[in-house]
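From the two separate chains plus the hints, produce the assembled complex.
For the protein sequence lines, the chains are A and B, in the order given. Everything in the first sequence is counted per this note's numbering, starting at 841 for the first residue and increasing by one. Everything in the second sequence is counted per this note's numbering, starting at 507 for the first residue and increasing by one.
If you are wondering where the hints come from, they were derived from the structure by calculation, not from laboratory data. Each residue gets a CB set at the ideal place from its N, CA and C atoms; glycine is no exception. A portion of the hints provided could be inaccurate.
[Stated by the list, open to error] No farther apart than 30 Å at their CA atoms in a straight line, the calculated lysine-lysine pairs in the BS3-like style are these:
#, chain 1, residue 1, chain 2, residue 2
1, A, 1185, B, 672
2, B, 576, A, 1339
3, A, 1267, B, 576
4, B, 632, B, 769
5, A, 1267, A, 1185
6, B, 576, A, 1185
7, B, 632, B, 594
[Said to hold, decoys possible] According to the in silico footprint, chain A covers these stretches of chain B (three or more CB under 8 Å from chain A):
#, stretch
8, 563 to 570
9, 700 to 714
10, 757 to 768
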Amino acid sequence: MANSGHAAHEGHDDHHGAPKSFWQRWVVTTNHKDIGTLYLIFAGVMFFVGGLMALVIRAELFQPGLQFVDPMFFNSMTTMHALAMIFGAVMPAWVGLANWMIPLQVGAPDMALPRMNNFSFWIMPFAFTLLLSTLFTGSGAPAGGWTLYPPLSLQGGDSFPMAIFAIHMMGASSIMGAINVIVTIMNMRAPGMTLLRMPLFCWTWLITAYLLILVMPVLAGAVTMLLTDHFFGTSFFSAAGGGDPVMYQHIFWFFGHPEVYILILPAFGVVSEIIPAFSRKPLFGYESMVYASASIGFLSFIVWAHHMFTVGMPLAGQLFFMLTTMLIAVPTGVKVFNWSATMWKGSLSFEPPMLFAVAFLFLFTIGGFSGLMLSIVPADFQYQDSYFVVAHFHYVLVPGAIFAIMAGIYYWLPKWSGHMYNMSLAKWHFWLSTIFVNVLFFPQHFLGLAGMPRRIPDYSVQFADWNMVSSIGAFGFGLSQLLMPYLVWQCVRGGAAAKAKAWEGARGLEWEVPSPAPYHTWETAPDEATIIHASPTGH
Amino acid sequence: MLRKPGSLSAVAAFVAALAAPAAHADWALNMPRGVTTMSQQIYSLHMTIFWWCVAIAVFVFGWMITSLVKFRHSQGAVPDTQMLHSTKAEVIWTIIPVVILVILAIPAARTLIHLEDASGTQLTVKITGYQWKWQYEYLDKGVSYFSTLSRDSDAARQLQSGVDPKTIPDYLLSVDNPLVVPVGTKIRLLLTSQDVIHAWWVPDLAVKKDAIPGFVNEAWFEVQADKPGTYRGQCAELCGRDHGFMPIVVVAKTPAEFEAWLKTQQQASLPAAPNAG
Ligand code: HEM
Ligand SMILES: [Cu+2]
Ligand SMILES: [Cu+2]
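Pulled out of the complex, with its shape left as it was, chain B reads as follows (with noise of 0.2 Å):
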């Protein structure tokens, strides 16, 4: 088989086209499932609600529209005017929900229960929120640095920049300098503001936290050891002017491939280490 470069590249376009609406979720409808062990559980959770209200609206639903169609006046319909109340009726409507409350509450409880238990954890990142960038300190490992909009989206974002978004890659979620964290990992965040209260939220993580001036909020996940990859996210808490504009990025490496990066940026700010200190 002949294999020019051209038809090479055009192959690598068609599956990048194929891959993309995955990527860009267009008439995306639902959560992602996400990277971690904790974001499919918490998908799980979501779907089984979800289902749940399926259930509970087909039934209710179903019932409102039968007597929609069946009871019409205009269809010679006789009202049951004796039909004041059942009290047979009022405890199974009341009891029969509860049941279910209680059904969704275990899987929840303990969803979260494991959610809040952040021992264990082998890297702690310290995340500090900015208006409007962040701030990732890799804790007792001598790394710290700022993450920033993009300077691509971020002139494409001006007022009528004349810039059409869909030709910057990754618009308005993409940064200078991301969150780079090995796979398999279970890694500690501790976030906190220097000035007003910012959220860190990266939807495949299953990871939102607020991060507020004067506190430190911990938070953890750990992404699958098959999963490495780029992730995005904004800030989710309303903080001014570019609230909309501070995206956050974390890089999934394999821990060798972090410790690699780890060793650059270390030296890479060694000079600096004097100031910083």
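Excised from the complex, chain A in its bound form (with noise of 0.2 Å):
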């Protein structure tokens, strides 16, 4: 794989540079990259938000007894935390990678719809300044679990229908950016950049855009019945009207699963990308990765009851939702031995990107076993709603989707900045978030089976030992966090210059231009010859 020519030509690239006023630079933008540097930094801030919120739960969680929050409180951390995490740092965290890369990797100029592309950016500071404000009303915020589950959810005071609308703003953001990734792959690639040739970022980008435009409206649906039941007098959700609680919760999961595989499967993609960039090999079983892909979008639409298996279903409905479970194992363990085929027989070095994208193999796979391990219903009737579930989830979204935003941040960040970054303070970053996420979540599975119900601010002694350790993880990993913004904050500061190819194994388009990538970038298209030698597998 030796370092490309290409790169020189692209330097006419750099005559129009980003216009000079912070106005139209950062707030009226319609350009690609800005944009994803926009996403990227409301991922970060929100990242320290919800991290914040976990840091008060895990305080409280410290020792037996409660020390310093009311339960109530306590329930909305719980409840803010995960919508922070999921619809303030996750997603939008892809959504920027996207906004940066996938325009670039399709050798594109821009994203297809950019004035879009800035409105659905800009609605969600918006929808969580609101969200966030709930936890100043007088009633305060949300404190029925993510999930918003009736009749509990209905309990809530103001903050009720500022969550539902935040979520509804969130929704719409979501929808748009879905449809800008879809348009500008389907049409904006460049001439000769067939489907099969792109990047497996772009694959499972595509992927995850058509979930979220499925199920994006499945959420509004449902939150908008639990307003109406609130607020307008219909019963949707209340037995004692005719209605049923339980369709809440088999609309929600219609939702809810997806939107688990929307928060993992452009990890899939990044890790793809990664893997064989540092084991100096293209990506074993290209064509597999993207049928995997496309299968586990498609199962995850019909697995979504085995969130609910003890709220009393059929016996068929039981063994289907298991059977189907069970199943995403398979393409899941495609990949999982794709990326294992990948790095053998490689010659694989490990600076950051590739630290934590094989931590995220090691763990992710972890989480696929408790995972596994879920899907048995009998046994289910012992994890549910317990903290082996919690720490389930945690597993694949911590060292799987976040790790892999990492990986791909400290991939890329040569690219946007035009600086390599330090190293060493790098790989402190990696080696303590991956020893405290360990101790942080992994004692979980033990609360979890020794009988320790999720949700509760407060539990009996004999979980105490468990807990105290899962704290101390907890602190650990909050604080190594506080690395990355400073060592990003310096990268772009300034540093050694990045090549065009910043690193050596790498392939893709994103590698063809200079670095950093001028303000505007494929305004001719790549030639043919420039898109195959980039091409994942070479053709």
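Here it is, written out as structure tokens:
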């Protein structure tokens, strides 16, 4: 994989630079790179806001007894932590990476719908200002869990309609972001960039975008029905009025399960690029990766009720959802095997992006194992709503989705900033995060199996030991994260110049433009030879 | 041998201390086996899947670690860039997981079918969830009462109460009136709620079922005849402010003791019966 000479001819892009005024550049911008940056900054802020809430939770759970917060505020913290992390941190981070990378990777000059792109970003700060402001209402922030199950969620005070309106706004923003990704990939690929020459990040995002368009309206419908039940006398979910509270759960999880794949599919894409790059070897089984992602996308629509095995479904329903859920392990396994085979007979080096990707491989797989255990209905009766589930989803979301986001940032940061970053600091960030994330979440498996329910502010003394360990892990993990914004800041300010191809084994059109990527790229589409040279399979 | 009362109580304390780790499960790692045939079946199902996961992990992680060690750039590894895909490998690693899943699904389905079979129960208790307590009604027996967090736990769990939870027996897991059941008897539970959704969970009985307003859910358990004792659990579905403070305690007695208990309860509730009716 010799370094290519294509980088040089992109130099002409430098002629038209970024607008000088702050307003032009960062507020009304339609440039995909700046919007990508805005999304990433927003996600970073929400990551720390959500993280602070998590630390409130772990501080209260450090010891048995109530030391710091009222149970109601504790419930608000679990609810708001989840909403901030899912809708405020992980999803916007993926949209930010999509904005930055998809046009670069498919050889397009920008996203297809740049004004809508600006709009979909600017909805987010307003949505979250609204959501977070519920903390200051008299009745406190929503405290019924991020799943908003009625009738409990209907007991919320002023915060309830505010949270629902905020969710509507986030949903609208997500749908616009998804439309933009689909149209960009479908219409804006450079001539010669066939679908099967696209990097996997584009593929998994394409599938994610379809999932988003299909399920965000379902969520919007569900929460709107909550709203009318509360304010306009309908009884969609109230048994007393002929409605059905379980129906809400079905509708919510019809959104909710695809939603968890919305959070993880782009991670599969990022990891599928980083592992080949640092193994200096093309991705093994490119096409089967695409098919596996598509089948995961499909299956994610027919497994939803595995989140509600204890509501009392008929036997046939339980068997159906058990079998479909188990089936998801097959394409997931295909992916893990393909990544392993990519490393096999490679030439591996362990720069920060690769470190995070390798940790992803191991720790995401652990989350997959607990997922498989959860799919076994009789056993799930013991696991359900316990800390075992908490451990499961944090393994797939933190060392899963969030490590992949960090891997992506460490991978593409030289391309964005034009500088290499402080490698040893990044390695410190990696090792501290990886050690503490396990100290934080692994003991939660034990707690759940020993019988500790989730979402409780205080517990019986038999759970004290592992809770203390978990809380120590939480503070260690939280503090370690402060390294990353510092490192990014440092890298943006200066550092060794990054080459066009910052990593010797990297593939993809983004490495064919200079670093930092000029303000406008691919105004002239790349030629087919460049595309083939950069494609994941090399043909 | 001299037996002063003091040494006797010291022995008792020592035995209690020995037993405590089991009862209190500090540093516990695993699910309890429980005291019903179903809980033991579920436990063995859980262990079966667990060991399958361990086996798969040994294989996959072993493979990855081998690559991480053997194929290092710094050790001069040369990449095999022609290794793009292999239909054979891909078919194998699709089929083998499917086979493993079938092996797991069969006992899982069998246990599930057994678990859903609530026929032949001999005693029915209706359980109603409230924010934040449980009500137990022995159908056709005229016995009904509420079960709430015991007072000492409730005092200790107040914000900054200053009471050390370790000094409270069964902190947050004890109630004023436990559910009392006979061992060796298949007991049917009918679950519902008066306000929001709750879930009735006792790990040792392997019962977890939602209590949903407007619906009646069914569950059953049968404590093994040789396992009378006290079994504790908690509400498992977020139900508001005091969700963490509505524990469940089940006392399993021998059938004779149970009958005696039921009699006293019936007598105690007689004067109230006209009102209740
Ligand atoms: C092998 C693949 C997986 C399987 C078989 C699986 C299975 C399950 C099951 C059965 C539950 C419900 C547990 C319960 O509440 O009793 C669950 C919960 C959950 N899973 Fe997974 N899962 C898998 C992968 C993932 C992935 C990739 C993610 C996201 C990145 C994820 C995120 C979650 C979340 C967030 C919950 C809990 C939601 C809540 O109750 O708040 N899972 N999973
Ligand atoms: Cu799911
Ligand atoms: Cu509850």
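Hints, one by one, checked against the model:
Restraint check for residue 1185 of chain A and residue 672 of chain B: not satisfied, since their Cα atoms lie roughly 56 Å apart, outside the 30 Å limit. With a C-alpha separation of about 29 Å, the suggested pairing of residue 576 of chain B with residue 1339 of chain A holds against the 30 Å cut-off. With a C-alpha separation of about 21 Å, the suggested pairing of residue 1267 of chain A with residue 576 of chain B holds against the 30 Å cut-off. Proximity of residue 632 of chain B to residue 769 of chain B is assessed by CA-CA distance (about 18 Å); at most 30 Å being required, the pair is judged to hold.
About 25 Å separates the Cα atoms of residue 1267 of chain A and residue 1185 of chain A, which keeps this hinted pair within 30 Å; it holds. With a CA separation close to 8 Å, the supplied pair residue 576 of chain B and residue 1185 of chain A stays within the 30 Å bound. At roughly 57 Å between alpha-carbon atoms, residue 632 of chain B and residue 594 of chain B are farther apart than 30 Å, so this suggested pair is violated. With a threshold of 8 Å between beta carbons, the proposed coverage of the stretch 563 to 570 of chain B by chain A holds, since 5 of its residues qualify and at least three are required.
Residues of the stretch 700 to 714 of chain B lying with their CB closer than 8 Å to a CB of chain A number 9, which satisfies the three-residue condition for coverage. Taking a C-beta to C-beta cut-off of 8 Å, the stretch 757 to 768 of chain B contributes 0 residues in contact with chain A, too few for the three needed, and the coverage statement is violated.
When each numbered hint is compared with the structure, violations occur for hints 1, 7 and 10.
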